[in-house]
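Engineer: Note that the protein sequences, when read in sequence, are chains A, B and C. End of the first sequence sits at 433 in the working numbering; the numbers just go up one at a time, nothing left out. End of the second sequence sits at 433 in the working numbering; the numbers just go up one at a time, nothing left out. End of the third sequence sits at 433 in the working numbering; the numbers just go up one at a time, nothing left out.
Think of the hints as simulated: they come from the structure by calculation, not from any bench. Treat each hint with caution, since some may be false.
Identical copies go unnamed one by one, so any copy, or any two together, can satisfy a pair.
Said to hold, decoys possible - Derived lysine-lysine pairs resembling DSS-like cross-links, with alpha carbons at most 27 Å apart: (1) LYS93 - LYS134; (2) LYS93 - LYS275; (3) LYS381 - LYS394; (4) LYS275 - LYS381.
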Amino acid sequence: MTSRAGFTLDELAKALGATLEGDPRRVVTGVAPLHSAGPDQVSFLTHARYTDAAKASRAGAFVAGAQAAGLPAPVLRVREPQQALVDLLNLFHPPPTLVPGVHRTAVVAADAQVDATASVGALAVVEAGASLAARVRVGPLVYIGAGVVIGEDCVVGAHAALLAGVRLGRRVLVHPGAVLGADGFGFAFDGAQHRKIPQTGGVIIEDDVEIGANTTIDRATFGDTIVRRGTKIDNLVQIGHNVEIGEHSILVSQVGVSGSSRLGRGVVLAGQVGVADHVTIGDGALVGAQGGVPSDLPAGGKFLGTPARPMLEAKRIMAAETRLPELLRRVRALERALEALTGRPLEGEARGDE
Amino acid sequence: MTSRAGFTLDELAKALGATLEGDPRRVVTGVAPLHSAGPDQVSFLTHARYTDAAKASRAGAFVAGAQAAGLPAPVLRVREPQQALVDLLNLFHPPPTLVPGVHRTAVVAADAQVDATASVGALAVVEAGASLAARVRVGPLVYIGAGVVIGEDCVVGAHAALLAGVRLGRRVLVHPGAVLGADGFGFAFDGAQHRKIPQTGGVIIEDDVEIGANTTIDRATFGDTIVRRGTKIDNLVQIGHNVEIGEHSILVSQVGVSGSSRLGRGVVLAGQVGVADHVTIGDGALVGAQGGVPSDLPAGGKFLGTPARPMLEAKRIMAAETRLPELLRRVRALERALEALTGRPLEGEARGDE
Amino acid sequence: MTSRAGFTLDELAKALGATLEGDPRRVVTGVAPLHSAGPDQVSFLTHARYTDAAKASRAGAFVAGAQAAGLPAPVLRVREPQQALVDLLNLFHPPPTLVPGVHRTAVVAADAQVDATASVGALAVVEAGASLAARVRVGPLVYIGAGVVIGEDCVVGAHAALLAGVRLGRRVLVHPGAVLGADGFGFAFDGAQHRKIPQTGGVIIEDDVEIGANTTIDRATFGDTIVRRGTKIDNLVQIGHNVEIGEHSILVSQVGVSGSSRLGRGVVLAGQVGVADHVTIGDGALVGAQGGVPSDLPAGGKFLGTPARPMLEAKRIMAAETRLPELLRRVRALERALEALTGRPLEGEARGDE
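My request is simple: use the sequences and hints to build the entire structure.
Structural biologist: Here it is, written out as structure tokens:
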């Protein structure tokens with residue numbers, strides 16, 4: 080994406096708070112991983128297991144931790160290489176310059192409040208009473224519903240739709256195609272048909288949340304569906320009505336969380352996990368990929384499988400499953416041996432037939 | 080969303096067909112659940128298990144069934160509280176007033192037929208030969224393909240795409256980002272590459288169907304993919320080509336139904352269920368969350384797991400799985416005990432080694 | 080969709096390289112499956128199991144292989160009926176005529192390069208530096224980011240978004256709502272919050288790839304996420320950052336492939352399969368529906384289940400699971416019988432209690 084022309088290693092050392100071992104005037108023009116970096120690029124060693132790759136790298140400089148030794152180019156020594164990598168990437172790839180203003184083809188209601196420093200892209204639609212705070216970037220072809228509130232420094236990608244009743248905090252990042260505030264899925268069967276229960280609530284997204292492409296977060300029946308600050312949600316995730324997700328949680332792609340469930344702070348749901356409705360998941364709990372969560376999970380645990388069980392137990396079960404066909408044979412052999420020994424059949428009630 | 084200013088309890092009793100116990104002139108201005116309702120709001124008691132919450136509620140009035148007693152405010156007594164709740168919400172949250180007409184920025188083909196009472200939102204595109212019946216609402220940024228037919232009172236949300244060959248009945252609700260009529264997934268491998276099988280059919284959506292945000296329903300190879308009347312489909316659901324879904328079925332979020340499968344009337348597929356291709360599911364069958372349906376399921380049953388089994392059997396298996404590691408140890412102990420007893424090893428063929 | 084008026088059987092025989100048995104002047108006006116074809120339509124017999132249906136069909140002619148006998152109408156005899164069906168459908172349903180040019184309502188950057196033979200639909204947005212080659216069709220309401228490169232004969236459906244850094248080869252088909260080039264899901268936890276790792280790479284889609292509706296393919300952190308030529312991807316699929324998918328692979332709907340995983344050539348992932356990050360799947364491997372792939376899979380094998388196991392083994396385990404509750408009872412019966420025989424309890428360590 081956008082990238083700056085280059086930095087001297089001295090400039091980088093100052094920006095990263097790093098100790099430089101090597102020529103301060105050397106210039107690097109980009110960041111690249113060990114295997115592909117060339118002499119004009121700075122690379123990074125975030126884990127000792129990549130030491131051999133680092134020694135073989137053609138990179139012009141390295142960001143590395145205290146232990147790394149024997150690297151073939153200048154080293155920017157830091158305490159936390161992965162955090163320094165984030166800083167480094169932000170230096171080389173600053174966000175695109177914001178050009179404030181409403182594109183001439185956007186359709187913005189007369190009474191929508193668009194801050195003078197905000198931008199609204201081509202062919203976006205902003206409905207009556209919506210409010211865009213300072214430095215908000217609304218992409219092209221975006222739909223912002225009536226009365227939607229968007230806090231400072233939010234970015235809303237192309238084709239995203241924020242329907243009436245949605246409020247974003249600050250620095251929220253909504254990727255393309257995400258739909259926030261569609262009706263929750265609620266019906267009352269009257270004996271002949273499913274009658275729609277009007278979904279009258281909204282959606283609250285707190286500060287620093289990221290929402291993936293084509294993800295859907297439904298409005299509440301009453302009150303609000305809530306995603307608390309710092310939580311990161313991947314692509315194609317479904318968040319049902321009245322769900323509440325705690326701070327700094329991680330929901331990987333294709334996760335589904337059913338209505339009225341509550342996730343604590345720092346929860347991690349790996350890819351394709353499903354959570355039933357009205358379930359509570361405690362702070363810091365982790366559910367492995369494809370897990371199914373039919374009922375509450377305590378804080379801090381790691382879980383796997385459908386139904387989700389403590390991870391070690393689930394792995395023992397999975398290992399035992401591998402031996403299940405063998406186990407059937409062994410039990411049959413035991414039955415035969417015992418019958419031979421006693422000269423009579425085992426009690427009938429429990430006998431299987433193979 | 081939109082809401083009316085307020086109603087007297089007398090007005091509500093008449094509208095709901097309820098018997099009022101309390102002051103008919105009392106005014107309520109909104110509907111809220113028991114825990115959050117204030118004195119200006121009417122709340123509801125849809126199940127006896129919420130009786131304590133109702134007694135502690137600050138609501139100004141309650142909708143409740145015949146049994147509820149001891150409530151701390153006037154009661155609108157009804158036979159079916161959940162149905163009355165739907166009526167109540169519709170009273171307070173009527174659909175937004177329809178302002179007929181085509182937005183000046185919409186791009187509507189000269190020969191498209193848009194009823195005078197229909198509305199087409201900002202920056203929507205309606206192609207040649209499309210037909211929008213009375214009171215249809217096409218949202219902003221929607222795409223309506225050539226020849227698409229949309230029946231009376233349908234609502235199509237922002238960014239939805241109805242491609243050529245799609246026909247909607249009446250009162251169909253399509254949420255934002257849904258894609259109806261994309262090509263089915265069909266290829267013929269010629270030994271070197273997958274050749275695309277042209278998908279020449281359409282999609283028929285009958286009356287009163289609801290289709291969730293970012294859901295995809297593919298066109299048929301020949302003929303039509305069909306969703307029959309009254310069926311409700313949640314977000315991020317995939318319906319493959321030539322699928323037929325019976326009346327009044329429920330497909331929860333992230334369900335996938337593969338090509339040419341047929342679901343009966345009143346089928347319920349819980350979240351993330353997958354149905355293989357060319358499978359038939361009988362009327363009224365229910366498949367629990369994350370179930371996988373590789374082959375036909377009979378009418379009326381409840382099923383769970385992958386492969387989907389009768390629910391009680393599946394739950395017994397899941398319970399037994401928990402004991403599988405223990406079972407391995409027990410069988411090993413039996414083998415040892417029997418060997419000790421007989422003084423010789425068990426017949427070799429079935430022995431496992433741990 | 081679009082279709083031609085009709086062909087004589089003689090014309091069809093020539094176009095398909097078929098041997099005609101029957102009246103060469105007979106005219107057919109469409110293609111239909113055996114059960115619905117009428118006398119004006121040509122039908123097809125692609126498998127011997129449909130022979131009875133063919134004999135009962137009212138079709139005006141049949142495309143069939145060498146073995147088919149006793150058909151009630153003229154036969155276009157071919158070596159590969161399924162390949163001939165593709166040819167036949169392409170004859171009757173040619174792609175819509177391309178009308179070159181940029182729609183007056185599209186917003187195209189001054190320095191974007193749009194070939195004179197390309198078309199850009201209504202209300203599409205094409206950003207600076209983007210390049211559309213000959214005969215490219217960009218649909219209505221599409222977003223094409225800065226510098227995106229689209230090769231000859233690509234088709235991009237309504238509402239699709241190709242963000243900066245995306246490059247398409249030739250004849251790529253992107254269905255509506257697909258998002259290519261959204262940020263990969265990468266964060267570095269700093270002890271207090273998840274810091275976003277800037278995603279600086281791109282997406283490369285090679286020739287003849289098809290990408291389903293509302294599918295998401297993320298940009299790489301560094302370098303490129305790559306889908307190699309001929310691969311077909313269904314709807315609602317998630318491809319994470321830095322994934323590489325080999326040639327002529329098939330990814331069915333709702334599949335998720337996590338970051339940095341590599342699929343070989345000719346891999347098949349059935350519906351709802353999930354692949355963990357940094358996993359390698361060998362050429363030609365197949366994973367059955369809903370499978371979960373936590374670690375590498377060798378080339379050529381067929382796999383099923385979570386965790387994915389060789390298909391025969393997985394099916395044996397699934398069959399054995401059905402007998403698990405019975406097995407628990409049988410082991411308990413063995414324990415009782417052995418205790419009765421020896422007159423003392425089994426060694427305690429392994430005993431379960433029921």
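Engineer: Taking the hints in turn, state whether each one holds.
Structural biologist: The hints, checked one at a time:
1. For the homomeric pair LYS93 and LYS134, the shortest alpha-carbon distance inside one copy (25 Å) is at most 27 Å, but the shortest distance between copies (64 Å) is not.
2. In this assembly of identical chains, LYS93 and LYS275 lie within 27 Å of each other by CA distance solely across copies; the values are 21 Å between and 60 Å within a copy.
3. Taking the shortest alpha-carbon separations for LYS381 and LYS394, both the intra-copy value of 11 Å and the inter-copy value of 22 Å come in at or below 27 Å.
4. In this assembly of identical chains, LYS275 and LYS381 lie within 27 Å of each other by CA distance solely across copies; the values are 24 Å between and 37 Å within a copy.
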